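Enquirer: Read off the chains here:
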Amino acid sequence: MPGWFPRLMALFLLPCTLGVSGPPAPEVWVPVRWTGGPLELAWRTRAKTLPADAAVRDALARWYEPATLGLLEDSPANCLLVTWSAPADAAVEAEQQQLVKVYAEAAHKRGLAVLGLVYAAGDASKIAADAARAALDGLVLEGEFAPEFPAALRKAADSMLVVEIAKDAAPWRWKPAPIVAVAGVAPSARNLSEMGIRGAPSSEPWIKSNIWLVRSFGLASPSRPVWISDQIENASAVDYARTVADAAAAGGRWIVSLDDALRAKLRARDASALEAWRRISSYLKFAESHAAWRALAPYGNVGIVLDPASTKQDLADEYLNLAARRQVPYRLVTRSGLNAASLAKFRALVTTDLDSPSAAERKLLQDFAENGGLVIAGPSWGGAPKTEPFAEVPAGMGRVVVYKDPDPEAVVRDLKELLSDDDLGVVPFNVPSVITFASGGGPGQPLLVQLLNYFDHPVEAITLRVAGKFGSARLETPEGAAVDLPLREAEGRTEVTIPKLLLWGAVSMEY
Amino acid sequence: MRREGVTRRDWLALSGLALGAMAARPAEGARAVSAGPVEPVSVAKVRSYDEDLTTRFRQMFDQIGGIGNQVKGKTVGIKVNLTGGGRFPGYTAGDTHWVHPRVVGAVVAVFGALGAKRIRILESAGGRKPGYKLEDKLLSGGWDVAAIRNAAPLVEFEDTNALGQGKQYSLLKVPSKPYIFPAFQLNHSYQDCDFFVSLGKMKNHEEMGLTVCIKNLFGITPMGLYGNRETVFHYGQVQAPSGAPAELDPKSNRYEGWRLPRILVDILGARPVDLAIADGIVSMVGGEGPWVLGSKPAHPGLLVVGRNCVNTDAVAAATMGYNPRAGRHEAPYRVFKEPKGHPPEQLQPGDETFQYADNMMLLAEAVGLGSADLKKIDVRGVPIKEAMFDYEAFWKNQMAREQS
Chain A
92 MPGWFPRLMA LFLLPCTLGV SGPPAPEVWV PVRWTGGPLE LAWRTRAKTL PADAAVRDAL
152 ARWYEPATLG LLEDSPANCL LVTWSAPADA AVEAEQQQLV KVYAEAAHKR GLAVLGLVYA
212 AGDASKIAAD AARAALDGLV LEGEFAPEFP AALRKAADSM LVVEIAKDAA PWRWKPAPIV
272 AVAGVAPSAR NLSEMGIRGA PSSEPWIKSN IWLVRSFGLA SPSRPVWISD QIENASAVDY
332 ARTVADAAAA GGRWIVSLDD ALRAKLRARD ASALEAWRRI SSYLKFAESH AAWRALAPYG
392 NVGIVLDPAS TKQDLADEYL NLAARRQVPY RLVTRSGLNA ASLAKFRALV TTDLDSPSAA
452 ERKLLQDFAE NGGLVIAGPS WGGAPKTEPF AEVPAGMGRV VVYKDPDPEA VVRDLKELLS
512 DDDLGVVPFN VPSVITFASG GGPGQPLLVQ LLNYFDHPVE AITLRVAGKF GSARLETPEG
572 AAVDLPLREA EGRTEVTIPK LLLWGAVSME Y
Chain B
103 MRREGVTRRD WLALSGLALG AMAARPAEGA RAVSAGPVEP VSVAKVRSYD EDLTTRFRQM
163 FDQIGGIGNQ VKGKTVGIKV NLTGGGRFPG YTAGDTHWVH PRVVGAVVAV FGALGAKRIR
223 ILESAGGRKP GYKLEDKLLS GGWDVAAIRN AAPLVEFEDT NALGQGKQYS LLKVPSKPYI
283 FPAFQLNHSY QDCDFFVSLG KMKNHEEMGL TVCIKNLFGI TPMGLYGNRE TVFHYGQVQA
343 PSGAPAELDP KSNRYEGWRL PRILVDILGA RPVDLAIADG IVSMVGGEGP WVLGSKPAHP
403 GLLVVGRNCV NTDAVAAATM GYNPRAGRHE APYRVFKEPK GHPPEQLQPG DETFQYADNM
463 MLLAEAVGLG SADLKKIDVR GVPIKEAMFD YEAFWKNQMA REQS
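Those protein sequences? They're chains A and B, same order as listed.
Here the first sequence is numbered in this note's numbering, starting from 92 and rising by one per residue.
Here the second sequence is numbered in this note's numbering, starting from 103 and rising by one per residue.
Simulated from the structure, these hints should not be mistaken for laboratory data.
Here the structure is a predicted model, which is why all the values come from computation and not from measurement.
Using N, Cα and C, we set each Cβ at its ideal position, and we do this for glycine too.
Accuracy of the hints is not assured; some may be wrong.
Unchecked claim - Here are the computed lysine to aspartate or glutamate pairs in the EDC-like style, where the Cα-Cα straight-line distance is at most 16 Å: (1) A/495 - A/505; (2) B/176 - B/376; (3) A/507 - B/141; (4) A/591 - A/567; (5) A/258 - A/408; (6) A/299 - A/408; (7) B/231 - A/505; (8) B/235 - A/582; (9) A/591 - A/575; (10) B/231 - A/508; (11) B/279 - B/351; (12) A/591 - A/570; (13) A/356 - A/149; (14) A/217 - A/180; (15) B/231 - A/512; (16) A/591 - B/246; (17) B/174 - B/376; (18) A/560 - A/512; (19) B/235 - A/508; (20) B/235 - A/512; (21) B/235 - A/513; (22) B/231 - B/258; (23) A/356 - A/379; (24) A/436 - A/547; (25) B/398 - A/285; (26) B/231 - A/513; (27) B/231 - A/483.
As the list claims (entries may be wrong) - Cβ pair distances, simulated, as ranges: (28) A/157 - B/498: 23 to 33 Å; (29) A/312 - B/267: 30 to 40 Å; (30) B/154 - A/288: 17 to 27 Å.
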């Protein structure tokens with residue numbers, strides 16, 4: 092084990108070693124949506140989202156009885172998002188807040204943090220003051236708010252943390268915030284034919300994932316906690332476990348959100364519900380026990396240039412999403428971070444987000460190409476073809492590929508064919524339903540390749556081809572003990588085969 | 103109509119009366135029926151790829167008269183049937199739309215044991231990626247490439263989509279009377295082999311009705327030379343490039359259901375098959391890959407092996423529940439490709455539905471490449487009637503539960 096690893100682990104485990112004297116620090120919060128009480132029922136009645144089943148409604152109403160805290164005894168979830176403020180009668184809200192105050196006190200004694208969920212704008216001063224009186228550790232805004240309200244609440248909350256669950260992720264990549272929380276998607280994979288779409292032989296399953304989204308926040312602040320919010324419906328234990336893994340693979344955390352029926356069964360200590368909860372917890376534990384992986388920077392010889400001022404953020408997001416899905420190991424570069432030193436780390440640059448490169452940028456990119464790099468550019472570069480999708484323009488030892496009308500799907504697909512395996516660095520085989528994410532690989536660091544399977548069926552015989560010679564490879568999964576993988580070397584590359592991937596695995600390769 | 107587990111198609115395929123009637127009917131577009139060669143064909147029921155396939159193939163090769171003399175000390179080329187990626191959930195590509203790696207491994211092991219000097223696994227891997235190899239394509243299907251490489255003393259893999267290890271393309275002429283192309287330029291491996299094997303998958307094909315061992319040969323045409331198989335071969339929108347043999351009549355029918363079966367027969371004529379192996383242990387119905395709408399996995403449990411590719415495909419088709427002498431607009435040649443998917447200029451005359459393919463077995467028979475007449479073929483191993491898995495009924499959810 093390398094020397095840096097124990098030091099990092101010690102840093103992450105520090106709060107645990109100090110004993111349970113209070114709630115954990117925000118950096119290690121593992122959030123779980125823990126809503127309930129009379130206010131939850133009241134506002135959901137208005138919103139017409141209350142479950143029809145009376146037993147489930149009863150479970151929600153009585154969620155803040157102390158017994159529910161027992162469910163968290165063997166779970167890494169340590170940050171409860173409780174119902175705090177919502178559109179309802181003032182009396183109901185007051186009753187709720189008194190209930191939550193008592194519950195929060197009990198939660199604190201167990202070393203849990205408690206954040207109050209605010210579903211609608213109101214009197215910011217009162218909401219913050221009431222939360223402070225209840226000794227909440229923070230407030231979470233979920234819903235539609237005019238921009239003034241979060242600012243007013245932050246001001247009123249003083250040192251108390253206020254987290255906004257953002258629907259539009261892009262602005263939060265660059266905004267300062269101790270924790271960023273964004274709405275994500277329910278991770279899944281479906282064949283196009285299941286969606287009634289006639290694909291092509293090269294078609295791959297349509298994968299919904301948040302890995303790219305979590306990664307997109309790492310550029311401005313690599314260590315900032317990222318929370319993904321999505322309520323998955325009709326979920327199986329595997330779906331929940333996948334959602335945990337999908338957020339965690341790139342260092343984020345899913346705000347664990349169990350559906351009402353499952354929570355009602357948990358409260359009743361139903362065996363199947365408890366088993367599902369144990370599985371979710373085992374995935375949370377796997378993620379948290381490998382917290383050091385979050386410190387590993389993404390690996391990749393392909394740089395995707397992002398312009399924070401771009402008016403086409405959706406398009407930029409699509410590049411990140413598709414590059415992740417198409418197994419292109421990439422790192423992000425901001426437009427302002429383009430310089431000769433930063434580009435020296437790459438073999439290819441996707442610059443389609445630069446609407447019109449400045450003269451200095453053009454020279455930088457041209458030099459990069461002439462030194463052997465590949466630049467993917469949009470039509471503003473000049474020399475775009477009239478009929479073909481792109482033109483490959485030789486430039487010194489490298490080339491510039493100019494697209495007539497760059498489309499993220501085509502660009503990413505072409506990128507994989509324009510680059511050799513050595514250029515890509517990490518090439519997985521037999522992964523149509525899998526997303527891989529490589530990180531680390533710097534001096535003294537292992538190269539970590541995480542793999543997440545989005546089909547419910549296991550994938551067998553996945554091969555990873557990695558540029559360079561490695562001395563060992565170890566596969567860790569939440570399901571079992573770590574296993575060493577045999578290495579095969581050829582032409583300066585190393586290959587390993589993962590015999591079977593159920594859902595989430597990580598191959599750690601040491602030089 | 104079903105009679106004691108025997109389908110209507112059984113009667114069509116197996117009753118002497120029906121066969122006799124069909125044999126007497128000329129195939130659409132085919133020339134006068136020729137008495138093509140006839141060789142024994144072996145049929146086996148195999149439940150899964152976990153069975154001892156090496157022993158099974160040894161038995162089947164013995165049943166067709168043995169191949170040891172043809173293989174010993176020789177270079178064997180095996181054209182394996184791969185296609186696009188994608189998966190049915192819970193299945194590998196080798197299960198449903200590629201030949202299965204264990205079938206390939208077992209066949210390689212048997213050839214090695216029979217003394218083959220060199221075994222080459224051949225297929226067009228495709229792709230423009232620098233340094234891309236056939237082995238990479240196989241890895242993308244989850245194949246244990248090393249195990250296949252180690253199954254015989256000398257196993258090579260060659261991507262025949264371009265020159266590969268060769269310095270120039272080999273010109274292979276169609277010695278029988280060609281339909282569309284008089285010759286093809288192919289990767290050297292198709293000439294530099296003493297014993298050529300077509301290892302195909304027993305599945306449906308959206309445009310051709312069936313993929314077995316004849317259709318498998320389409321992939322031997324190198325895109326590195328021809329550019330684009332669809333435009334040159336399927337649709338004939340562009341002529342073969344300079345240096346490649348030109349088609350005989352550039353004004354002939356462009357509809358792919360008419361054109362491509364004939365081109366496939368030309369390819370079979372140019373590169374005759376010494377051994378045809380059809381893998382239907384697990385497969386799919388309704389198309390050639392999971393991208394085809396309405397397609398689904400199936401477990402036919404079939405292996406078919408023969409020395410003559412046409413005979414073998416005919417028997418394979420019968421075990422799939424199809425009449426090997428079926429004509430246009432009969433299953434499986436009544437295809438379901440959306441006509442709008444064709445180039446509009448091909449859809450002439452306007453009164454045709456353009457949802458058919460011509461039967462490539464009958465076209466091959468007509469030029470003397472082999473008989474598609476079950477009455478003449480000596481079927482060994484499991485009788486067709488006992489082996490049969492009715493693809494059409496399974497596709498239409500009409501198969502009895504115990505059979506599916």
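Enquirer: Among all the numbered hints in the text so far, which are the ones the structure does not match?
Expert: 3, 22, 23, 24, 28, 29, 30
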